[in-house]
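As you go down the protein sequences, you meet chains A and B in turn. Per numbering that gives the first Met the number 0, residue 0 is the first one in the first sequence, and the count goes up by one each step. Per numbering that gives the first Met the number 0, residue 0 is the first one in the second sequence, and the count goes up by one each step.
Take these hints with a grain of salt, some might be off.
Derived contacts from chain B toward chain A, CB cut-off under 10 Å, selection only [as the list claims (entries may be wrong)]:
no.: 1; residue: A73
no.: 2; residue: W88
no.: 3; residue: N90
no.: 4; residue: G94
no.: 5; residue: E95
no.: 6; residue: I97
no.: 7; residue: H104
no.: 8; residue: L116
no.: 9; residue: T124
no.: 10; residue: K125
no.: 11; residue: K126
no.: 12; residue: I270
no.: 13; residue: V272
no.: 14; residue: T274
Hints listed in this document are in silico derivations from the structure and should not be mistaken for laboratory results. Built from N, CA and C at the ideal position, the CB exists for glycine as well.
Spelled out from the first residue to the last, the chains are:
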Amino acid sequence: MNTATAPDAAEKAERKKASKSKNTLKKTSKKTSKFATEPGAQKNSDDGLRVLLKLASHRDRIMLPVWMYALLATVGGTAYSLKKLYPAQADRDKLGASIGTNPSLRALYGPLYDTHTLGALTAWRTLGFGGLLVGIMVVLLITRHTRAEEESGRLELLGSGAVGRNAPLSAALSIAVGACFGIGLLAVVVMLVLGQGIAGALALGGCLFAVGVAFAGTQAIAVQLTETGRAANGIGALILGVAYLLRTVGDAAGNSGGAGWVAWLSPFGWIERVHPWAGNRWWVIGVTLAAGVVAAGIGYRVQNARDLGGGLLPQRPGPPSAGPGLRGVFGLGRRLQQPTLLGWMAGLFVFGIVMGSIAKGIDQLLNENQQAEKIIGRYGGVRGLTDSYLATAISFLGMAAAFYAVQAVLRLRGEETSGRAEPVLSGAAGRLAWAGSHLVFPAIGSALVMAAGGLGTGVGAGWVLGDFWGWVGRMVKAGLITTPALWVIAAAGVALFGLRPKWTSAAYGVFGLTVFIANLGPLVNAGQWLVDLTPFAHIPKVPGGAFHWAPLVWMTLVSVVLTGAGLVGFRRRDVSSD
Amino acid sequence: MTTAISASGLVKTFGRTRALDGLDLTVQEGEVLGFLGPNGAGKSTTIRVLLGLIRADAGQASLLGGDPWRDRVALHKRLAYVPGDVTLWRNLSGGEVIDLLGGLHGGVDAARRADLLERFELDPTKKGGQYSKGNRQKVALIAALASDVELLVFDEPTSGLDPLMEEVFRQCVAEERQRGRTILLSSHILSEVEALCDRVNIIRAGKTVETGSLTELRHLTRTTVQAELTGAPTGLENLPGVHDAKTGAATFTGQVDNDHLDGLLKALTAIGVKTLVSRPPTLEELFLRHYEPEGAAR
Chain A
0 MNTATAPDAA EKAERKKASK SKNTLKKTSK KTSKFATEPG AQKNSDDGLR
50 VLLKLASHRD RIMLPVWMYA LLATVGGTAY SLKKLYPAQA DRDKLGASIG
100 TNPSLRALYG PLYDTHTLGA LTAWRTLGFG GLLVGIMVVL LITRHTRAEE
150 ESGRLELLGS GAVGRNAPLS AALSIAVGAC FGIGLLAVVV MLVLGQGIAG
200 ALALGGCLFA VGVAFAGTQA IAVQLTETGR AANGIGALIL GVAYLLRTVG
250 DAAGNSGGAG WVAWLSPFGW IERVHPWAGN RWWVIGVTLA AGVVAAGIGY
300 RVQNARDLGG GLLPQRPGPP SAGPGLRGVF GLGRRLQQPT LLGWMAGLFV
350 FGIVMGSIAK GIDQLLNENQ QAEKIIGRYG GVRGLTDSYL ATAISFLGMA
400 AAFYAVQAVL RLRGEETSGR AEPVLSGAAG RLAWAGSHLV FPAIGSALVM
450 AAGGLGTGVG AGWVLGDFWG WVGRMVKAGL ITTPALWVIA AAGVALFGLR
500 PKWTSAAYGV FGLTVFIANL GPLVNAGQWL VDLTPFAHIP KVPGGAFHWA
550 PLVWMTLVSV VLTGAGLVGF RRRDVSSD
Chain B
0 MTTAISASGL VKTFGRTRAL DGLDLTVQEG EVLGFLGPNG AGKSTTIRVL
50 LGLIRADAGQ ASLLGGDPWR DRVALHKRLA YVPGDVTLWR NLSGGEVIDL
100 LGGLHGGVDA ARRADLLERF ELDPTKKGGQ YSKGNRQKVA LIAALASDVE
150 LLVFDEPTSG LDPLMEEVFR QCVAEERQRG RTILLSSHIL SEVEALCDRV
200 NIIRAGKTVE TGSLTELRHL TRTTVQAELT GAPTGLENLP GVHDAKTGAA
250 TFTGQVDNDH LDGLLKALTA IGVKTLVSRP PTLEELFLRH YEPEGAAR
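Next up, chain A with everything else stripped away, as it sits in the complex:
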């Protein structure tokens, strides 16, 4: 029993919640009675929207400001650092020239249209990363307020009240669109404060807003397809990943014909083609918004055609009895974790191929442009731009894979809070065996994901550069030595799980902060100590740089200590669903 784990404590918390939402509930009951007394009054499908909106914004009162702040910091921090990094117009022109001629740089950061204003530079540098952040935010938001609620059964409780069947989706979309609007507005304000033109600022804000609306729309469809919030988030991540990949491929190809049009298939590609401070093509924002509206419309239609709790993807019957693979607690752990691992391995392999295959031609820049070397060198930290670029690519893949590692660790807490851990732990499975059955995946799986990413990059690079097996070997090695950085972040999650279970989701915060600092830190001259706090800063820059065992060994040790502390804590603490 979920609530009975700490019966009174849980009840108390429920009561607290109930008293908080008492006012809103009163309103609904009035509304219901009005409908009840009016014969023939039809229940509007959006009834109860206001109540749901209040509930949703209460639940998001911490998460939303954090996201908005992260976006604000991305735009503001980037603008500030670009100002310091390229003070003179000559520097900016060189940068523009190198981006224009180099597919690898375009793939990493997108095309640069104009170098005469700080605004245009900022838009170039933030729309990729910022757009991705907005995309992740709306995917999580929409799922959290629709499918996850439906899965938990809470929506059924609300749905039987005076809440129309479209109200939850409308509430989720309103919150998501509202948040994106807020982010866009903040971006406008920041750029105005930095003295940039209003039209460009509005275009940049419009881009961040529109990309959010577009992915809110696609997620409105995604949540209809599956029965679980986890799977809906998985589809959302897939959509974001494919969209980002299309942008990468299209940008690498550039305008020189060929595959450049591919970027036009992706909302990330669209917003890059708005050209803030460089023409302000408003109609592209219009296209992005329209795509979101159309997608959301499809989401509503699908929702009205399905049952509450049901999905569109059919559920096939399973085997009537457990096969030999599902004996014992390790079999269960494998069954639950393996699909996610395989998905990530496939994803990083494909992404690696794309990143690797655009490595050609980067070395020509060496003499032409010091500036490009300056940025990319800050990520890679070594000479030889090809090596540096590939090291940067691996470090990007590592940051993505760190999310997998954290997600795999947090599955433990998910199993615990959902009550699914309880029957297993009241069986002949020790706490350590149960935790171990899951933790094997962030431990070994991280290495496998990185090996897959490295393999992909090596295959791509070897294809275009020659020396196929040489590159494959080097890149797989580069991927594998990134793994200890992933372990440190994942192990922080294990420590939280064992010692402060209620704070386990803060592991996502550790991940976010690490990636944020590792990404923006090198751009800002100051704060090297801050960058040094992230494990990624200590990974040897391979290929190209010198290889040292020492950082890998101590990072592994840190991970072991954190994991050990977490496991000792978990053995001693209560199993609890709240």
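Once you've looked at the hints, dock chain B against the given chain A.
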């Protein structure tokens, strides 16, 4: 007879809430003990302490001769547990879950598994997400009942089951009892407890308030007496041990403490009895007697 479960003075606090406040519980080997109490009384918390999922702040507990916290893995091979609210893995079929959980509880008896699937009318090929609450409950029940264990722990096991399935569950428990298995049945469905249990343990606000066999408990309480008389019922309400007496022109209805039943009957026959109905207290009345006065004070 040896003791399967014994707990004394269990205390468990969650924050400022005292979920268990000196709880005592004894289950003899081979008996079915009904563990009664209203919502939030601490039944599930007690069970979770006994399963080593949470650790009591104070008090002693022993389970099948071991320490429920320290020896949990070894002990869990000898027991099976059904929670009141079963959540299943969405991508595992019911049959897979039965084998998995059964395997964690000393192994599944294949013949018994097949028999139970049939009796509970469960389709084992459905995936976890497709089962209704009652069917999820059945999955956990079959896994527990088909396991080869000494002790069965049920925490409100029939919530969500339809009356037919409740009946199947009762038959199964009766069979398990005949095989000599020990059963701890937490419930607030009194008819279920009355039909199945040898003894009951009633708790309230984390404390044991009553324990004993149903006969013993009944002895401590009152019998309801209704009589039609040939004469006027005078003076009956003042007899010792008579409560809630209502008298008509020639009728009497009231309750009497069991040790004063004799006196009331003598007085009634002295007046002259036309019809007489006397009813022993139901478990419901026992239960209410323990909860109402203090409940009202709350």
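We went through each hint and held it up to the structure:
1. A cut of 10 Å between beta carbons decides the hint on B:A73: the least distance to chain A is about 8 Å, and the hint holds.
2. With a cut of 10 Å, the hint placing B:W88 at the interface with chain A holds, because the nearest CB-to-CB distance is about 6 Å.
3. Evaluation of the B:N90 hint against chain A yields a held restraint, the C-beta minimum of about 8 Å falling below 10 Å.
4. Among the interface hints, the one on B:G94 holds; its C-beta lies about 4 Å from the nearest C-beta in chain A, closer than the 10 Å criterion.
5. With a least beta-carbon distance of about 4 Å to chain A, the hint placing B:E95 at the interface is held under the 10 Å criterion.
6. Annotation: B:I97 was flagged as interfacial toward chain A, and the flag holds, the nearest CB pair being 8 Å apart, inside 10 Å.
7. Of the supplied interface hints, the one on B:H104 holds, with its beta-carbon coming within about 5 Å of a beta-carbon of chain A, less than 10 Å.
8. Annotation: interface hint on B:L116 holds; nearest CB of chain A at approximately 9 Å, less than 10 Å.
9. Interface hint status for B:T124: upheld, as the beta-carbon distance to the closest one in chain A is roughly 4 Å, under 10 Å.
10. Taking 10 Å as the C-beta cut-off, the interface hint given for B:K125 holds, the closest approach to chain A being about 6 Å.
11. For B:K126, the suggested interface contact is upheld, since its CB lies about 5 Å from the closest CB of chain A, less than 10 Å.
12. For B:I270, the shortest C-beta to C-beta distance to chain A is roughly 51 Å, which exceeds 10 Å, and the interface hint is violated.
13. Taken as an interface hint, B:V272 does not check out: its beta carbon lies about 49 Å from the nearest beta carbon of chain A, beyond 10 Å.
14. Taking 10 Å as the C-beta cut-off, the interface hint given for B:T274 is violated, the closest approach to chain A being about 47 Å.
Violated hints, in rising order: 12, 13, 14; the structure is consistent with all others.
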